[in-house]
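Each chain is listed here by its residues.
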Amino acid sequence: MRRILTLLVSALLASACAGGDRAADGGLTLAVAKINATLDPAEALTTSYLRAYGVGESLAKIRADGTVAPELAESIEQTAPDTWTVVLREGSRFHSGAPVDAEAVRTSLERSAAENELAGDLLEGLTVSVVDLRTLTVRSTGPAPFLDYTLSHYELQIHNVAAYRGLTAPAGPAEADLTGPFRVTGFDAEREVTLQRNPNWWGQAPTVETITVQQVADPQARAQIALAGQADIVDLLPSSAVPELREADGLTLVGAPAANTVAVYLNPASPALADERVRRALAWAVDREAVAEIAGEGLTEPAPSWLASNPAYPQADQQGFTRYDPDLAGRLLDEAGWVRGPDGRRAKDGVPLAFRLQTWGTEGPTGEVLQSQWDALGADVDLSYVDNALVQQARERGDWDAQTAAFTTLGNVPSLFSVQLSPGGSGNYGHYDLPQVAELVQRANTAADDQARTAAVLELNALHAEVVPAVPVHPRPQATAVASRVGGFAAHPLQYENLVQPGLSLGG
Amino acid sequence: MRALLRSLAGTAGMLLVASAVVFAMVRSAPGDPVDVQLGESGGISLSREDEDRIRAERLVELGLDRSLPEQYALWLARMVGGDWGTSYRTGQPVLDEMLDRLPASVALGTAGFAVAVVLACGLALLAGRRPDGPVDQVVRLATLATVAVPSFLLGTLALQVATGTTGYRIAGPASLDRIWLPALVLGIAVTPTMSRVLRASLVAERGRLYAVAALARGASPGRTLLRHVLRPAVGPVLILGGLAFASLVTGSIITEAVFTWPGVGLFAVDAIAAQDYPVVQAYVVLATALVVLVNRGVDLAGRLVDPRQDARAEAVA
Numbered sequence: 001m002r003r004i005l006t007l008l009v010s011a012l013l014a015s016a017c018a019g020g021d022r023a024a025d026g027g028l029t030l031a032v033a034k035i036n037a038t039l040d041p042a043e044a045l046t047t048s049y050l051r052a053y054g055v056g057e058s059l060a061k062i063r064a065d066g067t068v069a070p071e072l073a074e075s076i077e078q079t080a081p082d083t084w085t086v087v088l089r090e091g092s093r094f095h096s097g098a099p100v101d102a103e104a105v106r107t108s109l110e111r112s113a114a115e116n117e118l119a120g121d122l123l124e125g126l127t128v129s130v131v132d133l134r135t136l137t138v139r140s141t142g143p144a145p146f147l148d149y150t151l152s153h154y155e156l157q158i159h160n161v162a163a164y165r166g167l168t169a170p171a172g173p174a175e176a177d178l179t180g181p182f183r184v185t186g187f188d189a190e191r192e193v194t195l196q197r198n199p200n201w202w203g204q205a206p207t208v209e210t211i212t213v214q215q216v217a218d219p220q221a222r223a224q225i226a227l228a229g230q231a232d233i234v235d236l237l238p239s240s241a242v243p244e245l246r247e248a249d250g251l252t253l254v255g256a257p258a259a260n261t262v263a264v265y266l267n268p269a270s271p272a273l274a275d276e277r278v279r280r281a282l283a284w285a286v287d288r289e290a291v292a293e294i295a296g297e298g299l300t301e302p303a304p305s306w307l308a309s310n311p312a313y314p315q316a317d318q319q320g321f322t323r324y325d326p327d328l329a330g331r332l333l334d335e336a337g338w339v340r341g342p343d344g345r346r347a348k349d350g351v352p353l354a355f356r357l358q359t360w361g362t363e364g365p366t367g368e369v370l371q372s373q374w375d376a377l378g379a380d381v382d383l384s385y386v387d388n389a390l391v392q393q394a395r396e397r398g399d400w401d402a403q404t405a406a407f408t409t410l411g412n413v414p415s416l417f418s419v420q421l422s423p424g425g426s427g428n429y430g431h432y433d434l435p436q437v438a439e440l441v442q443r444a445n446t447a448a449d450d451q452a453r454t455a456a457v458l459e460l461n462a463l464h465a466e467v468v469p470a471v472p473v474h475p476r477p478q479a480t481a482v483a484s485r486v487g488g489f490a491a492h493p494l495q496y497e498n499l500v501q502p503g504l505s506l507g508g
Numbered sequence: 001m002r003a004l005l006r007s008l009a010g011t012a013g014m015l016l017v018a019s020a021v022v023f024a025m026v027r028s029a030p031g032d033p034v035d036v037q038l039g040e041s042g043g044i045s046l047s048r049e050d051e052d053r054i055r056a057e058r059l060v061e062l063g064l065d066r067s068l069p070e071q072y073a074l075w076l077a078r079m080v081g082g083d084w085g086t087s088y089r090t091g092q093p094v095l096d097e098m099l100d101r102l103p104a105s106v107a108l109g110t111a112g113f114a115v116a117v118v119l120a121c122g123l124a125l126l127a128g129r130r131p132d133g134p135v136d137q138v139v140r141l142a143t144l145a146t147v148a149v150p151s152f153l154l155g156t157l158a159l160q161v162a163t164g165t166t167g168y169r170i171a172g173p174a175s176l177d178r179i180w181l182p183a184l185v186l187g188i189a190v191t192p193t194m195s196r197v198l199r200a201s202l203v204a205e206r207g208r209l210y211a212v213a214a215l216a217r218g219a220s221p222g223r224t225l226l227r228h229v230l231r232p233a234v235g236p237v238l239i240l241g242g243l244a245f246a247s248l249v250t251g252s253i254i255t256e257a258v259f260t261w262p263g264v265g266l267f268a269v270d271a272i273a274a275q276d277y278p279v280v281q282a283y284v285v286l287a288t289a290l291v292v293l294v295n296r297g298v299d300l301a302g303r304l305v306d307p308r309q310d311a312r313a314e315a316v317a
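Sequence lines, in order, name chains R and H.
First residue of the first sequence: 1, per the numbering used here; consecutive thereafter.
First residue of the second sequence: 1, per the numbering used here; consecutive thereafter.
Hints in this document: simulated from the structure, not taken from any laboratory.
Don't take each hint at face value.
Unchecked claim - Straight line, CA to CA, 25 Å or less: simulated SDA-like cross-link-like pairs of lysine to any residue:
{"#": "1", "chain 1": "R", "residue 1": "K34", "chain 2": "H", "residue 2": "Q160"}
{"#": "2", "chain 1": "R", "residue 1": "K34", "chain 2": "H", "residue 2": "P131"}
{"#": "3", "chain 1": "R", "residue 1": "K34", "chain 2": "H", "residue 2": "I179"}
{"#": "4", "chain 1": "R", "residue 1": "K34", "chain 2": "H", "residue 2": "G91"}
{"#": "5", "chain 1": "R", "residue 1": "K34", "chain 2": "H", "residue 2": "D136"}
{"#": "6", "chain 1": "R", "residue 1": "K348", "chain 2": "R", "residue 2": "D275"}
{"#": "7", "chain 1": "R", "residue 1": "K34", "chain 2": "H", "residue 2": "L62"}
Stated by the list, open to error - Rough simulated footprint, nothing fancy, chain H against chain R, three-plus residues with beta-carbon under 8 Å:
{"#": "8", "segment": "28–38"}
{"#": "9", "segment": "190–196"}
{"#": "10", "segment": "227–234"}
{"#": "11", "segment": "292–298"}
{"#": "12", "segment": "331–337"}
As the structure is a prediction and not an experimental result, all values here were calculated from the model.
Where is the CB? At the ideal position from N, CA and C, for every residue including glycine.
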């Protein structure tokens with residue numbers, strides 16, 4: 001009891017004082033939905049956070065336009081169909097001052113593969129070899145034209161393995177030894193992280209000296225923080241607060257459509273959705289502009305095809321369901337035998353055109369608008385907003401008709417399509433079996449040049465729009481509030497790139 | 001001595017039942033922590049075989065591949081031995097995590113309870129002066145209206161008003177400049193029930209012969225209230241207050257989440273979302289233990305305040 005009382009009084013008093021110090025500090029303050037639990041970049045649930053804080057880096061990074069640029073590497077080039085050569089920056093160092101050489105990079109990747117299942121999956125079948133102090137080669141078992149995307153993944157952040165060796169407790173600031181423009185100086189799991197500019201960073205030194213990141217899990221509280229000007233950058237704001245935030249003084253609301261496509265996955269085992277024409281009709285009957293405006297509060301844009309949310313493939317905007325065409329949708333349904341009755345509802349052989357649509361997370365409003373749009377088509381949509389676990393369970397049982405989900409579209413695109421369309425793909429919820437997929441993926445991976453590769457990728461996208469295993473709707477909206485005094489913030493389609501950026505500055 | 005042993009055995013039994021019920025409920029929820037972890041791995045699209053392999057490995061790692069009775073027995077044995085397990089998310093011992101956050105929750109619960117006591121006493125005294133009079137009616141309406149407002153709405157509204165008018169700092173550690181607002185919200189949420197019970201009790205005690213006699217003998221109304229009415233009237237409120245205090249310390253989950261108050265409630269919310277079983281189970285055991293202990297303490301306090309309870313108990317025996 002005495003211990004608790006002592007802790008109670010000292011915590012209140014100490015933190016009351018600490019609050020004042022931080023306010024006087026004048027650094028950048030961030031309010032985020034979640035802070036990680038450890039600082040070990042080999043922990044699957046930590047890596048994206050370290051990236052978001054500007055603490056960790058990979059060999060390469062994905063630019064806002066969807067292309068890959070070297071990051072910790074000076075260059076990263078495909079030198080043979082199955083080989084990429086990585087040359088490290090000269091003189092780059094970890095936060096501790098230890099040099100980042102080829103051996104350190106190899107050891108780091110090995111540790112990530114061994115201790116993080118997701119990193120292990122990315123590195124499976126790859127052989128990393130040290131050529132000299134600054135050069136490595138990464139070899140795959142077959143042609144690997146998209147390996148640069150793999151090496152830019154946040155699960156593969158380069159860290160000083162020696163600093164994490166022999167740890168018996170979760171890594172703290174003393175152990176966190178990475179290479180980013182900021183280093184961790186304080187860490188209170190799931191509560192607060194403090195960062196300081198890294199004097200050893202290879203790039204132009206950031207102008208922001210210190211950063212405080214605080215976890216504010218409640219979305220309404222985060223919106224209130226942004227409105228009250230109590231943080232400089234606030235992420236993942238609720239769509240309900242967007243109108244007020246737009247009008248607020250002293251901040252800019254940045255809405256960057258994410259590089260993932262919110263789509264309605266359709267189960268062909270469901271009687272109403274078995275016919276390809278019905279699935280296509282549903283896709284043509286979606287007024288995507290309206291969905292983006294109403295459900296996405298204008299912070300997102302229509303995605304006519306699955307790949308359209310990937311900025312590296314602007315051609316995908318011209319594929320798929322490029323317009324709202326309820327007449328065509330109606331004709332397709334008529335052809336399929338689902339005709340309107342006197343009550344305006346469609347039915348076939350006495351069976352009404354009806355299906356269940358499950359949404360979860362932030363996709364509830366999208367489901368509501370779609371329900372209304374498909375209702376106008378004569379389809380009865382039974383909408384339910386459920387927990388993700390229930391959505392998964394329904395899928396495992398096969399007891400589902402339609403579900404919203406958003407998969408990333410940025411990265412090794414043929415492999416991402418494979419996951420969506422191949423029989424064993426974890427995103428192929430409807431178990432579609434399309435023989436063309438393997439051949440197109442193979443073509444994309446073995447193409448002689450970029451043009452042929454892009455053509456194969458776009459063919460995969462067209463195939464997706466033809467079969468419609470999922471109706472693409474829009475990229476997930478990402479609403480971030482940035483205070484007017486913050487300069488240099490650049491919106492990015494990857495959520496974790498929308499927090500700490502090296503070019504940030506603090507104005508008056 | 002025998003009564004004490006009986007009481008301890010009863011408490012242990014209650015904790016055992018609560019732990020078993022919670023264990024069964026938590027594990028019957030759809031999904032598991034590995035689902036949550038794989039769901040958060042955004043950006044990596046796994047093939048079904050890889051996903052199944054990773055899932056199987058993680059389940060073994062977390063000990064979730066064993067049968068449920070086996071898992072429960074292991075957890076119980078460890079808990080009894082003082083090992084509350086390790087959080088799946090933070091990798092830290094659950095007991096340390098709880099002790100780290102408990103002071104903030106105790107502080108908030110105590111402050112909220114103090115607010116409730118002050119408000120409830122004030123309102124009950126006001127309303128109880130003239131039963132069914134205009135003041136009583138207004139207080140009744142106000143308390144009914146307050147009961148109807150959900151605490152998350154009250155919290156969100158309070159947050160909006162306070163940030164605009166006082167510059168209230170929403171995020172940050174548990175500190176004196178942040179505690180007043182959630183304490184006020186918690187206190188207001190508990191006040192209606194406490195004030196109605198106290199008011200009814202006051203009115204009943206005022207009508208008792210000894211109170212009327214005291215007034216007839218020339219005692220002032222204030223002295224009668226303090227010496228003859230308030231003390232016995234507090235009995236029923238003590239029990240209610242005790243339960244309210246326990247629930248304020250461990251049950252203010254929503255208020256802690258709205259105000260980003262770093263207590264055990266907020267920690268439990270995150271744990272529930274991530275299906276962090278050891279934390280959820282420990283939280284419920286802690287909450288149950290607190291309710292049971294406070295209940296026992298209230299029983300004792302009730303007897304001290306109103307010794308007639310003992311006399312009545314003996315008479316019944």
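Hints versus structure:
| no. | hint | in the structure |
| --- | --- | --- |
| 1 | R:K34 <-> H:Q160 | holds, 22 Å |
| 2 | R:K34 <-> H:P131 | violated, 51 Å |
| 3 | R:K34 <-> H:I179 | holds, 22 Å |
| 4 | R:K34 <-> H:G91 | holds, 16 Å |
| 5 | R:K34 <-> H:D136 | violated, 47 Å |
| 6 | R:K348 <-> R:D275 | holds, 12 Å |
| 7 | R:K34 <-> H:L62 | holds, 23 Å |
| 8 | 28–38 | holds (count 3) |
| 9 | 190–196 | holds (count 3) |
| 10 | 227–234 | holds (count 4) |
| 11 | 292–298 | violated (count 0) |
| 12 | 331–337 | violated (count 0) |
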